[in-house]
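Use these hints to put chain B with the ligands onto chain A, whose structure you have.
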Amino acid sequence: MKFARDTWLVFQRQTQLLLRNPVWVFVGVFQPVMYLLLFAPLLKPALNAPTQAEAYKIFVPGLLVLLAIFGGLFQGFGLIAELRAGVIERSRVTPVSRLALLLGRSMRDVVSLLAQAVIITVLALLFELRVFIGDLLLAYLMLALIALMTSAVSYGVALKVKSEDALAPLMNTVAQPVLLLSGILLPLTFAPGWLQGVAEWNPFSWAVDGTRALFAGDLGNDKVWQGLSIIAVLAAAGVAWAARQFARSVR
Amino acid sequence: MIETRGLRKSFRSRAGRQHKTVDAVRGVDLDVAEGEIFGFLGPNGAGKTTTLRMLATLIAPDGGQATIAGADLLRDPAEVRRRIGYVAQGGSTWDDSTAREELVLHARMYGIGKADARRRAERALAAFQLTEYADRKCKTYSGGQRRRVEIALGIIHDPRIVFLDEPTTGLDPQSRAHMWDEIRRLRAEGMTVFITTHYLDEADALCDRIAIMDHGEVVAEGTPTGLKREISGEVLLVGLDVATTGQAAQLLDTEPYVAKLETVDGGGLRLTVDEGATAIPQVLRRLDHAGLALNSIELHRPSLDDVFLTKTGRSLRES
Ligand SMILES: Nc1ncnc2c1ncn2[C@@H]1O[C@H](COP(=O)(O)OP(=O)(O)O)[C@@H](O)[C@H]1O
Ligand SMILES: [Mg+2]
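Chains as they are written, first to last, in the working numbering: chain A, 1 to 251; chain B, 1 to 319.
Next up, chain A with everything else stripped away, as it sits in the complex (with noise of 0.2 Å):
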C-alpha cells in the first residue's frame, strides 16, 4: 500500500515536470511522426512488399520497438541532472520506498513511449496497416517491458557512473551492436547466416520478432511468447538491480 503510493507520488511528480516542458512533447510527438512519413514512400520498395499495409506491418513493429530502447535507455541524462540538484539525495533521507523511487520514474518512460505508440499506430492505420485490437495490446505490453528494461537500466548505471561524460558512451555502446543485431529496422531474414546466429543472443531481437508476428496478426507464433518471456525476466531483474542502486547510491 505504502509501495503502490510512493511509486504513485513519484510518477506524478516526473510526469508533470515532462508535461511542462513543451519542448520534450513536441520532440516526443513529432520525431516519431517524421519517421513514419519520410520513411513510409521508401518502405515498399526497399523491403519489397506487396502493398504499403505490409511493408508497415514490418516496419512499424521495428520502429516501436526502436522508440522503447532508446527512450529508455537515455533516461538516465535526467536522473544524473536530478542528482546534481541535490532531488535524489533529499528524496533518500525521507522513509519513502527505494523500489518506487525507481518505479515511478520508470512507469513515466512507460506512459510516454505508449503515447508515442499510440500515435504512430493511429497514423499507420490512416496508411492502411490493420492489426487485431487484442494482438496490439500485447505488442503495447511488449513495448512497456522493453520501455521499463532499459529505462531501469539507464538508472541503475546513471546512479553508478554519476557523470553524463561517463554515461553518453556507455550507452551508445550498449545501443548500437544491440540496434544493429536486432533487425529493427529491416529484419534479418536477409541476413547471412553467421549474423542471424549472433542476433540469437540478443534479447531485442526475440522482442523485435515477437511484435512483428503481433502486427502480422500471427498471435500462435512461439516468438510472442518467447519474446515476451525474455523481455519480461530481463526487466524483472534490471529493476531489481536499479532499485537496488537508488537504496545505496553515494553522493
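No lab work stands behind these hints, which were simulated from the structure alone. These numbers were taken from a predicted model, which means no experiment stands behind them. Errors might be hidden in some of the hints.
No farther apart than 25 Å at their CA atoms in a straight line, the calculated lysine to aspartate or glutamate pairs in the DMTMM-like style are these [stated by the list, open to error]:
1. Lys160(A) to Asp62(B)
2. Lys2(A) to Asp116(B)
3. Lys162(A) to Asp96(B)
4. Lys2(A) to Glu79(B)
5. Lys2(A) to Asp204(B)
6. Lys228(B) to Asp204(B)
Frame of chain A; chain B with the ligands shown alone:
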C-alpha cells in the same frame, strides 16, 4: 538526542590505476542534548559532511554506532529517517518546480496526506517569508531565498532533529543574519539543530555547543565560551607608564585572580585571568588604592581560532 560512538567511514577512490583510501571520519563520539544548537566546526575536508550523511542514513558507517532521537541508526534506519530532517550542503531544489510544489511533494514523501501536506506547505512558506515567491520556479530565487526553501523542506514533517550542512555558506551577510534568526527560531520551537560550519563567528555566535573537527576526528568539544577559556583564560592588557610598571607588577602579582603576569616592553602589563569581567574592577581598585594612574585597560578574549590553533597547530583561517 544524538549519541554516537566510534563512528567511522573510509572512502576508496581511484586516481588512475592506484587505489587510495581516505579515512574521512575516524571514530567520532558525540553527545548532543535536546533543544540545543550544536555546531560542527572544521575546515573543508574535515569530515563534517560525511558524518552528517551517516547520521542521516545516506551512507552506511564502516564502524561504530549511533542513537538518534531514540532510534538506532544501524538497526532501524527507517525510524531514524522519520524523526530527522536533513538539509544538504549543495542544495536540494529542482529548478523547474515551485517552492510550494517542492514542499508539498516532500511532505508527502514522509507519508503525509495531501490536504495536510498543503497546509504544512502554506505554514512553512509563511514562517520562512516565502509566500510571495511560493509559485515562482526555484530557478528564479536568490541564494538566500533558495536556502530558506531548502530549510523549510528539511523541517516540513516536524522532525525532532534537523541537520543543516553549512546553511550559510555562500550567502551575503544580510541573508546570513536572516538565516541565523531562522535557526534560532527552530530552537525556540523545541527542535534540536545540528549545523556544520567552517565560519568561526558562526560557531561562536549561533551555537550552544560545538565540536571542532579536523582530519576526521573531534579535537575539542564544549561551549564556545568554555573552549576559549579552557585554552588560555582571558587576557587583560593594562597600559601603564614605564616608570610605574614595576610597582604595579609587584602589587598585582600576588592577587588570587591573576593566573599569569607578564610585563610588556615599553610599559604595561599582560595579565592572564579566569574571567575578565570580574577581574577588571579589582585591578582598577587595587591600582587606584596605591595611587597609580593607568592609561588604558583592555580585555582580550581568545577566539575559537586560538582554540583551533592550540588543538591542531594550524589556524582555521589558513586551512
Ligand atoms: N563519496 C566520496 N568518495 C571519496 N571521497 C570522499 C567522498 N565523500 C567525501 N570524501 C572525502 O572525505 C573527506 C571528508 O569530506 P567531507 O566529509 O565532505 O568534509 P567536510 O564536509 O568537512 O568539508 C574529504 O577528503 C573528501 O574528499
Ligand atoms: Mg562539507
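Requested in this report: Report the numbers of all earlier hints that the structure fails to satisfy, in ascending order.
Outcome: 5
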